[in-house]
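Sequence order for the protein chains is A and B. Letter by letter, the first sequence follows residues 1 to 604 of my numbering. Letter by letter, the second sequence follows residues 605 to 963 of my numbering.
Errors might be hidden in some of the hints.
[Stated by the list, open to error] So the derived list for chain B, only partly shown, Cβ under 10 Å to chain A, looks like this:
# : residue
1 : D752
2 : R772
3 : Q836
The hints are simulated quantities; they were obtained by calculation from the structure and are not laboratory data. Ideal placement from N, C-alpha and C gives every residue a C-beta, glycine not left out.
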Amino acid sequence: MSSTPHANPNAVPAVLYVTPPEDNYLTHDKGIMSWIFTLDHKRIGVMYMVAVCTFFLFGGIFALALRTELFYHEAWMVKTFDPVTHQRVVDETATLILYNNMFTLHGAIMVFLFIIPAIPAIIGNIILPIMLGAKDVAFPRLNLMSLWIYWIGASFFVYVLLGGVLNVIGIRLPGGMGLDTGWTFYAPYSTTRSLAGVVPATMGAFTVGFSSILTGVNFITTLHILRPRGMTWFRMPLFLWGLYATSIIQILATPVLAITLLLVIAERTLHVGIFDPAIGGDPVLYQHFFWFYSHPAVYIMILPAMGVISEVISVFSRKHIFGYNFIAFSSIAIALLGFIVWGHHMFVSGQSALTDSIFSLLTFSVAIPSAVKVFNWVATLYRGSIHFKTPMLYALGFIILFMVGGLTGLFLGALSVDVPLHDTYFVIAHFHYVAMGSMLFAFLAGMYYWFPKIFGRMYHENTGRIAALVIFVGFNLAFIPQFIAGTKGMPRRWATYPEKYEIYMRFSTVGAYMMATGLFIVAGNWVHGMSRGRKAPHNPWGSNTLEWRCSSPPPYYNFKKSPVADDPYNLGNWQYVSEEEGWVPRQTEPLPSAPPDRTLPITH
Amino acid sequence: MFMHQPILPMLADIWLSPGASTIAGPVDWLFYFILYISTFFFFLILTLLIVFSWKYRYQPGKVQPDAPKHSTALELTWTFIPTVIVIVIFYYGFKQYLNLAVPPPNAYQITVIAQTWSYGFQYPNGSVDDKLHIPAGVPVEMLLESKDVIHGFYVPEFRVKKDIVPGRYNRLWFQCNIPDTYDIYCTQYCGQGHSKMRSTCTVESLAEFNNYLDRLSHPVGPKDQIGLHLYQTRGCMGCHTIDGSKGTGPTWKNMWGNNVDFESGPSLIVDAPYIRESILLPAAKIVKGFPNVMPSFQGQLKDWQIDDIIAFIQTLSDKYKPEPTTRPTSGPTTAPVTASAAAGAGANLAAIGPVDSAK
Chain A
1 MSSTPHANPN AVPAVLYVTP PEDNYLTHDK GIMSWIFTLD HKRIGVMYMV
51 AVCTFFLFGG IFALALRTEL FYHEAWMVKT FDPVTHQRVV DETATLILYN
101 NMFTLHGAIM VFLFIIPAIP AIIGNIILPI MLGAKDVAFP RLNLMSLWIY
151 WIGASFFVYV LLGGVLNVIG IRLPGGMGLD TGWTFYAPYS TTRSLAGVVP
201 ATMGAFTVGF SSILTGVNFI TTLHILRPRG MTWFRMPLFL WGLYATSIIQ
251 ILATPVLAIT LLLVIAERTL HVGIFDPAIG GDPVLYQHFF WFYSHPAVYI
301 MILPAMGVIS EVISVFSRKH IFGYNFIAFS SIAIALLGFI VWGHHMFVSG
351 QSALTDSIFS LLTFSVAIPS AVKVFNWVAT LYRGSIHFKT PMLYALGFII
401 LFMVGGLTGL FLGALSVDVP LHDTYFVIAH FHYVAMGSML FAFLAGMYYW
451 FPKIFGRMYH ENTGRIAALV IFVGFNLAFI PQFIAGTKGM PRRWATYPEK
501 YEIYMRFSTV GAYMMATGLF IVAGNWVHGM SRGRKAPHNP WGSNTLEWRC
551 SSPPPYYNFK KSPVADDPYN LGNWQYVSEE EGWVPRQTEP LPSAPPDRTL
601 PITH
Chain B
605 MFMHQPILPM LADIWLSPGA STIAGPVDWL FYFILYISTF FFFLILTLLI
655 VFSWKYRYQP GKVQPDAPKH STALELTWTF IPTVIVIVIF YYGFKQYLNL
705 AVPPPNAYQI TVIAQTWSYG FQYPNGSVDD KLHIPAGVPV EMLLESKDVI
755 HGFYVPEFRV KKDIVPGRYN RLWFQCNIPD TYDIYCTQYC GQGHSKMRST
805 CTVESLAEFN NYLDRLSHPV GPKDQIGLHL YQTRGCMGCH TIDGSKGTGP
855 TWKNMWGNNV DFESGPSLIV DAPYIRESIL LPAAKIVKGF PNVMPSFQGQ
905 LKDWQIDDII AFIQTLSDKY KPEPTTRPTS GPTTAPVTAS AAAGAGANLA
955 AIGPVDSAK
């Protein structure tokens, strides 16, 4: 809330808020070609949403499949007809092969096709330009190309999946018969053994990487040159700081993965001898190359998520975010520190004790900026006026689950404690708390928060709240038992396991199904909201960031005249109007005048 | 010393199975140290979250008093305290790790030969078993080697783990003072049989351990019984069944003396030279309908062991009729054989007395 009232020369005229235009970005151009060849960042974001959520569904189905197999400690899912006894018996070999495919594809699809693109490509593409009061991103054609590249990369994975399915009925696609290396593709298994799907899958990940890199290039440029009048770097909303830090990692780290995957393909097809010890290579070198990208990748996943949370916590507490500068700097710190800790995935690989020790020390450093963010969010709640709408429920859930994920990281960073915990279910639970409990919750928070802006309608609030609760409970039920299974020694990537772990696996499976139920409720909530929700006002939540100054949904051109930015968390600019069920500018509460304009004019 | 006592023994069972090695005490201590610090801060923040959510919930008409937007003092405090805590955690983890990384100079060396999907433990006298036995109270160093892909060697109750990487020797050491049998798990994904790649570590007194070594290097009994034991302990059982059911590899039931088709090349009748070639050069002939995944046992099975496996395979086939013989039917033994023993019926592995060492 702002302090002393005085005249506001920059208040947006109320007349802009009365009548939303009939024509918005969704209705402006008709026909499939106007979508596939669009240059509109909002349409591109919506198309990303369809693709990314579809792959989330696939990845989720594989997760349910493997959790179902794990309900019993012996292999049971695939049965075959035994000609000797004339009975259906369990074909353990086929079950193990199926399970290994399921866990690999679950990981690969979730990491490359869902978690990494979700917030930047969907919410970032739609919201970043309008949060800047701009017409589009700096490079709209590059943006479209990123989408096409995503489609091409994803189709490689579809090919592998199709190959696996057709293989069951006896049709063999060349190189498409499934993938069982784990999403980490460790050599020499991936380069000398494994099923043939390694080449198309790595081609797919290679291709999708360029979608990520080009999005990063686009966002960095946009944030540098298209900020509006009034928006200096330290008046930028924290969501944009998060996207900026993410983009830095995307452009610096992803090329390393690209080269690594090309080397895997070269090794597998040409037998070059980089990773295969039988011909003079080093398998641990592969791990260094792989994790040099894949550790920063997890910060690509979490930084935009943290940006979303900063926005949501502030708006739904009706309070200026606490510690803006520290949150902004911590995003950059996490991005940079994230590059120097990759060796903590390799403490037991056989790398030297000195290497292990250095990486352990550096790993603890990256915990500190994350902790600082959590403290600042909780401090934002202090003396706020908290509304428990669906986005806020997910944001509060994020804080709780991110704490668990982060604190369990301490166990894994400590060398001697990591030794027994590495490659066990403890690690699986840890990364699901940060990847799913945190990133997914932030994604849902962001989707619910910006839902009215993107679709022009409100979702049904109580359904949203119930789904959030179901997902929260289901998630914890699914993963807390996994921590215990891990500390008691159960290794990961096991299809069958000793009976003593069965109780933990069973609770975990029940939790997974519960979570899936909640997610289906969310899907229904969104589909219903998109088609039949109450029409949304410009600013249903009373946020002061610029995207709420255009209509919901925005017109295809976003703004007729670029708005002038002030402090993005100056929520006192707005007052609630019950007829509109939304917020309008408060004409009597003015702001200090905007600082000198240092941005370039908007050009296409 | 304080590091050797668990902080709260009552809660210990929830998380960790009892540690059994000399390093387990300090490692578990650090685990609980981190656990209690984490639990404390988690509940502290959670409580603040819940209290603030309740106290500052939206109430129509209520206006919250002003609150500061930042506080450098608070930021520095909550940066400094976590930094100190993580440095302490790093320090203890590092110190304990140095202990884990440097084996004592007098450690007893055992080689672990990992391959898809079984372990072979080779003792200093050269004999190999698929189960690990170690003497209690003696530091043991494992020299880890892999024949194919990366595997893992993990003994949960000893709190030790290391990847087994092909092309290099990784080492790990431990000492267990509590005789019992402990699980060994493979922790690095290695393909189809990864979940089944397990073994056990039996910790026993020095006398029992020497006894075990002796029995291992001098197995006694009829050839096919020794062959059965090799089938069960040297990894064959993981892929080949003996009852006719389908496995990763062809079943041995009714294999001997029958025709077999290959992926390429002419078919042939299964005989001793074919079995020997399959064990030493498995990729030479791939049976039709099966994958080319069998590892070679070159250098791992001695000639007499291959002979015993062949003898065992023969007994599984209708086509094989054992000839009565007055020659010794066991491996390297010189003890006299009676006619009933020659029939191969249920002779006990440990029955006959001391024998010459294996060739």
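Hint check:
no. : hint : result
1   : D752 : holds, 7 Å
2   : R772 : holds, 6 Å
3   : Q836 : violated, 17 Å
Comparing the model with each earlier hint shows a violation of hint 3 alone; every other hint is respected.
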